[in-house]
Amino acid sequence: MSTTGYIAAAWIGTFASVGAYALWIVRRGRRASALVPEEERRWM
Amino acid sequence: MTIDPAPATAPTDLPTTVGGEPATRGGPAPVSTSSRATRILGALSLVGIAVLVVFGLFITPPDAELGETIRILYMHVPTVSAAYVAFIVTAVGSVAYLWKRSEFWDLVAASSAEIGVLFFALTIFNGMLWGRITWGVFWRWEPRLTTTTVLFLTYLGYLAVRRIPASVRTRATVSAVIGILAVVNIPITHKAVDWWRGLHQEKTIFGTVDPEMQGTQLFTAYLGLTVFLLLFAWLLIHRFRLAWLTERAEERGLDAAIAARRAEGAEEVAP
Amino acid sequence: MLRDALLVARKDLRLEWRSRVGVGQVLPFALLCVLLFAFALDVDRGVLQQATAGLFWVVVLFAAVLVVQRAFAVEADDGVLDALRLSGLSPASVYLGKVAAITVELLALELVLWLAVAVLYDTTLRGWGLLVVTAVLATLGAAAAGATYGVVGLRLRGAETLLPLLLLPLLAPVLIGATRASDVALGRSAGPGWPWAALLGIFSGVYLLLGSLLFRPLMEDL
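These protein sequence lines map, in sequence, to chains Y, W and D. Plus 2 on top of the position in the first sequence (first one is 1) and you've got our numbering. Plus 141 on top of the position in the second sequence (first one is 1) and you've got our numbering. Plus 455 on top of the position in the third sequence (first one is 1) and you've got our numbering.
Bound-form chain Y, shown alone (with noise of 0.2 Å):
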């Protein structure tokens, strides 16, 4: 592989774990709510 090979797979290795973990969590997250009485969740 060549350098660029190298830099694009950092960069977008990066970018896209953290992109999937954080969809992973939203949508734990939405889940969760539903199963959670409103007065629990009134985020600010």
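Rather than coming from a laboratory, the hints here were simulated on the basis of the structure. A few of these clues could be false.
[Claimed, not checked] Computed beta-carbon distance windows for the label pairs: (1) W:393 - D:493: 42 to 48 Å; (2) W:177 - D:653: 49 to 55 Å; (3) W:328 - D:559: 26 to 32 Å; (4) D:668 - W:192: 44 to 50 Å; (5) D:538 - W:339: 44 to 50 Å; (6) W:241 - D:562: 24 to 30 Å; (7) Y:29 - W:400: 26 to 32 Å; (8) W:195 - Y:39: 43 to 49 Å; (9) Y:14 - D:647: 43 to 49 Å.
Don't be surprised by glycine CBs; every beta carbon is placed ideally from N, CA and C.
We have chain Y; now place chains W and D onto it with these hints.
Relative to chain Y, chains W and D alone:
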């Protein structure tokens, strides 16, 4: 449950630590972990990422010494810095838990550690890619990278402890102790590994912003740091709220189970 | 407080002496490791001699995990910890007593292990003083960190398998320091050995302090 319902555990206390909006009471609560504060943080992060891509990959010139490989360091340095911030937050949360005994701090410590582990994994990944270009191999026993790996394993242990089924209070206390022991180990491991490699020290560029950086390079380095700290804050708030909701859902599940058992018992007795 | 600690240590050591788990199980395991390394590494090319100090300390750390597990399994068995809690002993003195007992057991193990290594790996010694100081400080450090984690594993189900993952990364500086200092004591490397002993001393001091402070919440909440 065994946790004491101290006022500090109410979800409405969140913004005191994450810097949010004044309470907007009334109206429907969101069916998600997002709020106005996180939406603003998220938007800022996305804009930051876009600007970082433009600067890091296109505008900045290749480094005189490192060449194009400096572009990997624009990812490597912010992830490792954000990870250390995350572990310091975990340690603060652990100390605060042992002091205040509030569920809030326990969940902050847990959420922050998970994000720190993710960032450490990315640090190691980027460091290995950098090594492949620069040294021709994925791994050398470079001190910073070695330290990161040892600490990565330490915090995997912390997360593993949190997954052991136990009473809420036991889990929180044990995790807090481990969170404190682990953070104290960071400087000791650093020193030990530095000395260990001391005899054949290579010029190391990992883990710090190079003081000789100038102009757009320096700007990009600090921009990266800012973007990843914003991302960390966004992730921490969402992860905390998820942890909070999970605890509430479990409590409710438990209550429901107990109620069901009681109903059964009543039915058995009634006839 | 120190007298109470001594009391706890004496109780632990007496229990250990009676049960013979250390002598009957941990020590043979450590000696077995010495053999296994000989099988794994080429005995004819001097790899063993080169790596003696490192292998020795790796075995000691593995044994430390077992000894720590044992030191607290004793408590879990008959609910002795509850008795200790009710006895009015301060948590710090219980902790220090545990550390002392684990240190003594490990030092005894190291002595036998050292004889085995000296004979089987053909080792010659240059600096007695450095080696002894290194062994005491490294063992104290491992025991100080180990005793804190040992109590963690006491009431968490499944924590027995977790103890190595928790303890060994924390002890990485101990392994580095002890190995380097021993290398110097064995004449395998030229560099100064005492700074490594100092590092081990700092590690032990820090974890002894933290352990004595953190043992109270741990004992209360388990």
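### Task
Kindly indicate which numbered hints from before are broken by the structure, ordering the numbers from low to high.
1, 6
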